[in-house]
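**Q** Keeping the supplied structure of chain V fixed, place chain D upon it in accordance with the hints.
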Amino acid sequence: MKTILPILTVVAAIVAIWYAAAIPMNAQWAKDQAARADTTLTTGELVLDTWSQERPRLPAPHQVLSELWDSTGDMALNGRAFSKRSLILHAWYTLSATLLGFAIGTGLGILLAVGIVHSKAMDMGVMPWAIASQTIPILAIAPMIIVVLNSMGISGIIPKAIISAYLSFFPVVVGMVKGLRSPAMMDLDLMRTYSASRSQTFWKLRLPASMPYLFASLKVGIAAALVGTIVGELPTGAIRGLGARMLSGSYYGQTIQIWSALFAAAILAALLVGIIGIIQRRSLKRMGMAA
Amino acid sequence: MGTWDVTTPVIEAKDLDLTFQTNDGPVHALKGVDLGIEKGDFVSFIGPSGCGKTTFLRVIAGLEHATGGTVTVNGMTPDEARRNRAYGYVFQAAGLYPWRTIAGNIRLPLEIMGIPKSEHADRVRRVLELVDLAGFEKKFPWQLSGGMQQRASIARALAFDADILLMDEPFGALDEIVRDHLNEQLLELWASTQKTIAFVTHSIPEAVYLSTKIVVMSPRPGRITDVIESPLPKERPLDIRDTPEFLEVAHRVREGLREGHSYD
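Sequence lines, in order, name chains V and D.
Just so you know, we're using the UniProt record's numbering here: the first sequence kicks off at 1 and counts up by one.
Just so you know, we're using the UniProt record's numbering here: the second sequence kicks off at 1 and counts up by one.
In isolation and in its complexed conformation, chain V is listed as follows (with noise of 0.2 Å):
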């Protein structure tokens, strides 16, 4: 009880200061159509007027919810939860591209850190362009591969995949990297004293010390790689997934569109790291490391 009152407090605070400003933010289309109309608002006319607007500068947050509502649960309970419409549809093509990018972002950064911890020629070859990569938007980097992916005859899950694990992989990597190389001298010592391969030393001290910094690094990279996906879903011609919907919502300047599958995309990725949460605190508790 003792955290759910500020949590509150603070989410009060965060839709006032919404409400408050989509009034001046939409008062001035407001006021240009009751002046076409030849009619004065009041004030509270107006402050009404701009909460309930169809194609705002700023949706008010009930607008946003329910059109969120609209285009999920309303739908899914008419049966209409796989139509065109649905965001559960748009989201599901962004979740799917999102884990297989996830998966390979994972799987790649996990077998780059056991290079790089394993040989210096990696460590110094490879690291210096993992984070160059980074250093590259992401904008600029996802229309090319999208078109040379295109051209290639791949469409469709895939390029928006490779976006995807494109950011992903690189927390991975760092963190990887510095849990493997977390075991003290002495745990190190111990292992030779006991004549133990690099691959026993690997699968019996490394890989379990490297742990907790994997879980940590999979949270990060788990909501890269939903950013990911959803700027890769932005030049495909915004015909699929979450990406598709605010672009289409921008064209037609639906603002209220772009806002529900912006909050759509924010509860996909609070979901996604929970969920990483909840494996992260099973395993480590049944690794005797209860976080």
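Treat the hints as calculated values from the structure; they're not laboratory data.
Note that this is a predicted model, so its numbers are computed, not measured.
Do not take every clue at face value.
As the list claims (entries may be wrong) - Subject to a maximum C-alpha distance of 30 Å in a straight line, what follows is the list of computed BS3-like cross-link-like pairs (lysine-lysine): (1) D:K138 to D:K117; (2) D:K234 to D:K14; (3) D:K139 to V:K285; (4) V:K204 to D:K139; (5) D:K117 to V:K204; (6) V:K204 to D:K138; (7) D:K139 to D:K117; (8) V:K204 to V:K219; (9) V:K219 to V:K2; (10) D:K117 to V:K285; (11) D:K14 to D:K31; (12) D:K138 to V:K285; (13) V:K219 to V:K120; (14) V:K204 to V:K178; (15) V:K219 to V:K285; (16) D:K39 to D:K14; (17) D:K139 to V:K178; (18) V:K285 to V:K2; (19) V:K285 to V:K178; (20) V:K204 to V:K285.
**A** Coordinates of chain D only, in the frame set by chain V:
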């Protein structure tokens, strides 16, 4: 009579040198170290920090390599001896892997050395009884006190039947009361298992209480200044530390340490 000395030492160092090359020039960690350790000996190495006592133990274990002279363990080089599972090593900290239970930690060397799985449970039970930790198999290290963790790490070093136990200040981080208790237990363990033990410490009472042979070392360069054969009997209750014999040995150790320091 000219007969052969049939008891060849288990560990033998001859004119051993070890020089570390550092950015500040060479550091003589060990210089001209000669020492023989017989089977069943309990040998303590004592000296101020930097005297090379830990380094010497690590050379015996093959964790460091001498730059001059020779060292043999069971007549082999340290590396060969290690591959033959000649010794178990106990570090300053227990160094139990936190993701393994106590039994899991003791199984670690067994798994690595390829000892048949069918023997694991028996060996774990046996060594845990030796260190008085029976029943703690399923606990994780953090559930044990510092002294119990160190005992578990001794059990781990005993699990694969090495004849030699190399111990590097194993009780250095523990408080006086726990340390007394563990010293007593270690003597019992030594008596019941007949191991040869090389034990690094910086505590004079600990060295005198435990050892059959005390090696006093001094720094810069690390070398042996005195080797004291203890006149104390094998049976040693804790209150032996108040006897004149004990105090005499302790006095000689202290003198040896002081002499080593008169160089600088």
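**Q** Now look at each hint and say whether the structure bears it out.
**A** To see whether the hints hold, each was checked on the structure:
1. A hinted pair counts as satisfied when its Cα atoms are at most 30 Å apart, and D:K138 with D:K117 qualifies at roughly 18 Å.
2. Taking the CA atoms of D:K234 and D:K14, the gap is near 28 Å; set against the 30 Å cutoff, the hint holds.
3. The hinted pair formed by D:K139 and V:K285 meets the criterion: a straight-line CA distance of about 13 Å does not exceed 30 Å.
4. For the suggested pair V:K204 and D:K139, the alpha carbons sit about 19 Å apart, so the restraint of at most 30 Å is met.
5. Restraint check: the Cα-Cα separation between D:K117 and V:K204 comes to about 16 Å, which is no more than 30 Å; the hinted pair holds.
6. Restraint check for V:K204 and D:K138: satisfied, since their Cα atoms lie roughly 18 Å apart, inside the 30 Å limit.
7. The suggested pairing of D:K139 with D:K117 holds, with an alpha-carbon distance near 21 Å, which does not exceed 30 Å.
8. Distance restraint check for V:K204 and V:K219: the Cα-Cα separation of roughly 24 Å lies within the 30 Å cut-off, and the hinted pair is therefore satisfied.
9. Proximity of V:K219 to V:K2 is assessed by CA-CA distance (about 27 Å); at most 30 Å being required, the pair is judged to hold.
10. Proposed proximity of D:K117 and V:K285 is supported: the alpha carbons are some 26 Å apart, at most 30 Å.
11. A C-alpha spacing of about 10 Å is found between D:K14 and D:K31, which places the hinted pair at or below 30 Å, so the restraint holds.
12. About 14 Å separates the Cα atoms of D:K138 and V:K285, which keeps this hinted pair within 30 Å; it holds.
13. In summary, the hint linking V:K219 to V:K120 is supported, as the alpha carbons are separated by about 28 Å, within the 30 Å threshold.
14. Straight-line distance between C-alpha atoms of V:K204 and V:K178 comes to about 17 Å, which keeps the hinted pair within the 30 Å bound.
15. This hinted pair checks out: V:K219 and V:K285 have alpha carbons roughly 18 Å apart, not beyond 30 Å.
16. Straight-line distance between C-alpha atoms of D:K39 and D:K14 comes to about 17 Å, which keeps the hinted pair within the 30 Å bound.
17. Using a Cα cut-off of 30 Å, the hinted pair D:K139 and V:K178 holds, with the two alpha carbons roughly 28 Å apart.
18. Of the supplied pair hints, the one linking V:K285 and V:K2 holds, its CA atoms being roughly 26 Å apart against a limit of 30 Å.
19. This hinted pair checks out: V:K285 and V:K178 have alpha carbons roughly 21 Å apart, not beyond 30 Å.
20. For the proposed pair V:K204 and V:K285, the alpha carbon gap of about 18 Å is at most 30 Å, so the pair holds.
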